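Visitor: As given, the protein sequences belong to chains F and P, one line each in that order. Going by the working numbering, the letters in the first sequence line up with residues 54 to 344, in that order. Going by the working numbering, the letters in the second sequence line up with residues 94 to 324, in that order.
One should not assume that every hint holds.
Only some residues are given here: those of chain P computed to face chain F with a beta carbon under 7 Å [unchecked claim]: (1) Lys157; (2) Ile159; (3) Cys164; (4) Tyr168; (5) Glu171; (6) Thr172; (7) Pro184; (8) Tyr185; (9) Ala188; (10) Arg191; (11) Phe192; (12) Val229.
Simulated from the structure, these hints should not be mistaken for lab results. Computed from a predicted model, the values in this text were never measured in an experiment. Glycine is no exception: its CB is placed at the ideal position from the N, C-alpha and C atoms.
Each chain is listed here by its residues.
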Amino acid sequence: MNINLDFNYKSIKPFIFICFHFGILALVFSLIVHRLSQTRKDALIGSLSLITIRLTVDARPTATLIEFSNMEEVKLIGMWLSPYSYRVIWALKLKGIAYEYIEEDLSNKSPLLLHSNPVQKKIPVLIHGGKPICESSVILEYIEEIWPQNSLLPSDPYERAIARFWIKFADDKSPSISNIYRTSGEEQEKAVKDSLEMLKTIEEHGLVGEKKFFGGDKISMVDMAFGAVAHWLGVIEDVAGLKIFEQHKFPRLNSWIQNFKEVPIIKENLPDRDKMLALLKRRREMLLASE
Amino acid sequence: MEEENKVTLHGTWFSPYAKRVELALKLKGIPFEYVEEDLKNKSPLLLKYNPVYKKVPVLVHNGKPIAESFCIIEYIDETWKNSPQLLPEDPYKRAKVRFWSSFIHQQLYEAMLTVMKAAGEAQGKAIKELLEKLQVLEEGMKDFFPNGTPSISNRNMGILEIMICSLLGPYKLQEEVIGIKIIGPEKTPLIFSWLTAINELPLVKELAPPQDKTVALLKFVRENALKSSSA
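Build out the structure end to end from the sequences listed, making use of the hints.
Guide: See below:
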């Protein structure tokens, strides 16, 4: 009996061909992915899902570029004592973004810093795929736009405007806190007065309502902008030998500080208090001696 | 009864910050009511809308107030998506625009104010700093205008144009009061041609307060500052 298999074999051949090559590709891909770090795997999965969603649901032209750019290398030039540096660290960690941290010696600024921030020559500087972004508030907005997961700003434009208002307020008023340890006499009195006014404003206008954080139940950029109040102020009070923040006078602010410092990413990423105290005391002595 | 899209701007004729918001609203073609505030006798409404700073400008949209000119402009751009787009779409370009807006708003503005309020040696020092900062801006703007000649129209005015216009739009009048040239085709060619292009727009001309009023105010600010510093 002649069983004719020719026809069946010819039709299966292209199918086998495709399956074979697809299998090789899948094997190679999984070997590459297997060797990636966990955070890069997360970023890859995040990107692929975002691309799928964006291509099927949202046809914004820049969407695909962003999805690929969020996998480029991230570096942060920072300084262990700076609350502005920490704002960026908290944002990157809360979003699960892998980055290389570069500690800057501000008394001997590196060529990298001077090249990346020629205008201000200050930290923090975020370098993403070789492109520098300067100023902590600008960096936070950039991070939020490139890596939208774990959002740090409200989605409603009005709520966002209010959040930005408070971030600007924090930027404007926080320097008074560091001026407390940097000055003496009349200048220090002014710094103390300004700091108290800031705390009062936050208490009376920023934290109204039974809110855990500035934006509600979730931590946001606004909370990070006030990081100096939560951690640096206490140390500076000790350095200057002054009591400025009295818990019973600022009950809402006090609750906020507890809530803020209990967030694991914040708790695990704060500069060591004793180290800070020692350095700031030394700095204060040098500043007063030079006056 | 719902008031759809009722927009009110509380400002003063001489506030560069209020001018920014006015420009943004007019560029986008957003109808609004303007309320001139008397800063020596602030209205209860202003104090209610901006209890933190008690300053202008304040934008009120359907009863909800927003303060701080930059926050207001970002809000306007996000809420009214028609052209012109005041901030760029690309996140990196947005970051650069935010950085330079902050530079103009804080550093340049402060430097200008210091020059305005100083005399003699102190003014000489302040002028040197202002000119240095203008050079920094000149360099920075080469990134935005690589072919050297900004061509500005109502359709491509953005937040940087708004910022520079509100601060240095009346530069000729400022030069008159401080007695020295700060902007020119030799020293700051890019900023000079940029400001010239912006100042030529009918909208900008329409919103500029009368020149004599501006000069009188600048002179007043200067004389007041010199009096109190020598007292």
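Visitor: Check each numbered hint from earlier against the structure, then list the numbers of those it violates in ascending order.
Guide: none
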